[in-house]
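2 protein chains.
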Amino acid sequence: MPEGHHVVVVGGGFGGLQLVHDLKGAPVRVTLIDRRNHHLFQPLLYQVATTVLATSEIAWPIRQLYRDRPEVTTLLGEVKGVDTSTKTVALANGLVVSYDTLVLATGATHAYFGHDEWAPVAPGLKTLEDATTIRRRVLLAFEQAELEDDPARRDALLTFTVIGAGPTGVELAGIIAEMAHRTLPAEFRRIDTRRARIVLVEAGPRILPAFTEELSAYARRELERLGVEVRTGGPVTDCTAAGVMIGDEFVASRTLVWAAGVQASPAAEWLAIEADRAGRALVDEELTAPGHPDVFVIGDTASVKQADGTPVPGIAPAAKQQGAFVARMIRARLEGRPAPGAFRYRHQGSLATIGKRAAIIDFGRIKLKGALAWWIWGVAHIYFLIGTRSRFAVAWSWLWTHLSGQHSARLITQKEILREEASRLQG
Amino acid sequence: MPEGHHVVVVGGGFGGLQLVHDLKGAPVRVTLIDRRNHHLFQPLLYQVATTVLATSEIAWPIRQLYRDRPEVTTLLGEVKGVDTSTKTVALANGLVVSYDTLVLATGATHAYFGHDEWAPVAPGLKTLEDATTIRRRVLLAFEQAELEDDPARRDALLTFTVIGAGPTGVELAGIIAEMAHRTLPAEFRRIDTRRARIVLVEAGPRILPAFTEELSAYARRELERLGVEVRTGGPVTDCTAAGVMIGDEFVASRTLVWAAGVQASPAAEWLAIEADRAGRALVDEELTAPGHPDVFVIGDTASVKQADGTPVPGIAPAAKQQGAFVARMIRARLEGRPAPGAFRYRHQGSLATIGKRAAIIDFGRIKLKGALAWWIWGVAHIYFLIGTRSRFAVAWSWLWTHLSGQHSARLITQKEILREEASRLQG
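Keeping their order, the protein sequence lines are chains A and B.
The first sequence begins at 1 in the UniProt record's numbering and counts up by one.
The second sequence begins at 1 in the UniProt record's numbering and counts up by one.
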């Protein structure tokens, strides 16, 4: 390994990759540790869950990205703890890595608000496995319904409930509705997939609360046009294999998807510093851990207050801006220059899609909805994918889906699980 | 369901699909039962195992193929038995399906010659899950080697053993060698992946015994040029997590792949008819089960002797020819025409590839080897894929691999398994 200041980055998400990218040419050596071998383009993960895209189209081996950066070492490993007194990171396999500067960018997972027992029946969507689990369950529900003679059980199999109406929930519900109403009807003989119910549940008063009321109302109308039942203002009070309790009404539904809470990874625990309710480490305005100026925490596992008191949102652009900021901080320190000051988040806009033809965009002064917004959304996402190959592959998959109406990744995999789930669905 | 003669087909492999295809327009209704929701293009499965292709590029939802055939019903289900007296098929979920004509096309799986205890350490390659298992193990071995400080353990992690040198074994060994020597070296900092050993073990006297001695010798030279150690004439006598015993020599190798034996699915058991040593049902020259003229058995689960006494090989073109033959038989019977006579297999040629630049082809009189053979192999395989989308996707993946030297599907998925396997590899 080359000599020099050693920057250890834990987490190869948007924040970690931006940081490593921006350290190019700096007098440092970098070790990037992730417990997965791939970077995942999470904004399109819902399209893997709904059979539009294949897993390899939105995930890239991390080490491949640094082929031409000999100063960057990639390690596949799970961090178990940080010792700030010896300035080391301990991996689960026993390896101990020393750092001069440490950056924790370990992200977040979904949370069930104290109801972890809901996890097996209502999977969330954070990893490729989550996406293939949801894909398998949605496809299997239609398959089991085709085999089912009992009408009540068939209806429960054909009822899909998405819990939480942020962008991910809206996107999932929209595509499942399109599958049921447009892609699948011609393929089943014993059931009419157009009779499937897709229920989107939101505890708050409206869907997509991060958008204006007008855009939110438009999104709701578009979802309803696709056949989604939107139910706002009633929280989910129970999830079981048989269905979901919304307030005190039970909806028989064999397929539940969780798109509600978020829980940060344990960076705050490792550092023994204060965290907010979602477990995010409270960092200071330079994104360093209080009392540890050589430890940065960025992305979904950090809680950063801005000058105006509003929190930085847990989205990809925010993580990238934090990664870029930390790279500037490290360079400034190594060069003995003054620090670039406090981190300031610049909001570039909010986007959400509803099915395959409509989207809403809020750029602040400019607000867009409908087909044009969908095209801007699509081009923006292709632009942000990594590498020529993926851009072509995703563009081709989308083009194909539009031209043919067919989804290209409708695979049920993992046979052992398939058997278990078939018996779960049969109740 | 429409009225008419009911043909039940079990298995959506090459034979089953050809049969359903050729029954188009016949006065029958068809029920196609498979325990998977997808047809798999097995000849390219090794490319999923070696990260060149993505799973969705070589697998298609079976029911999607019959969107425009309302007389075809597709059921996802596992057959548990056949009752020829009541002419019914029983599924695992309790459903019982009546048939007028039954066609069993349920294929084969790999066999360990009485050593089923080798299965966990030496996975075979028959399903998409098998392919992603092998992919995960190969990629994880390099990752673990990068973390390993002990030289002996690192060498064992960097030794890959493929058991069985038929086309699949040769193809696997060739691509793993290319990965180690060409794709991966620039990406690792603590190991030199070019020092990896790829060992191809064949109990018989030469590799690819279905080809001529000259083509077989050429393939061996090409494999050795890629860095594969070819070891013929010594059977594998034990497989463990630590390595493989070849004759009485132990080779420390943490990654084993099984490409040797084949075991037919239990069609013969269901029918209580005679089977050969590999479990294949012995059928008569019209491909019907002895004593059951309305039950056909085709493809890898049937043992068909030809007029000259040689067996029909267990390859895709043979299964397709049998599917087409059975479709002609069913049509002839329904129209009261004489049967088309005995099934006769027409061998169209044998193909095998060695890495990404060379192949061998035996068309009988014409024999080819080298780059031209590779191109013919590639074009033929793209031609036989199902659907425009897949043809473009696979052509694009191959083109990309050739131009960039990069593989596009290098994903390690299934995290829980990942943890188990990481500890298995650490020994």
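Please note: incorrect hints may appear among the correct ones.
[What the hints assert, rightly or not] Computed footprint of chain B on chain A; a stretch qualifies when at least three of its residues, placed anywhere within it, have a C-beta under 8 angstroms from a C-beta of chain B:
(1) 182 to 191
(2) 209 to 218
(3) 374 to 381
(4) 391 to 400
Read the hints as simulated data drawn from the structure, not as lab findings.
Remember, it's a predicted structure, so these values are computed and weren't measured experimentally.
Cβ atoms here follow ideal geometry from the backbone N, Cα and C, with glycine treated the same way.
Could you tell me which of the numbered hints above are not met by this structure, giving the numbers in increasing order?
-> Hints 2 and 3 contradicted; others consistent.
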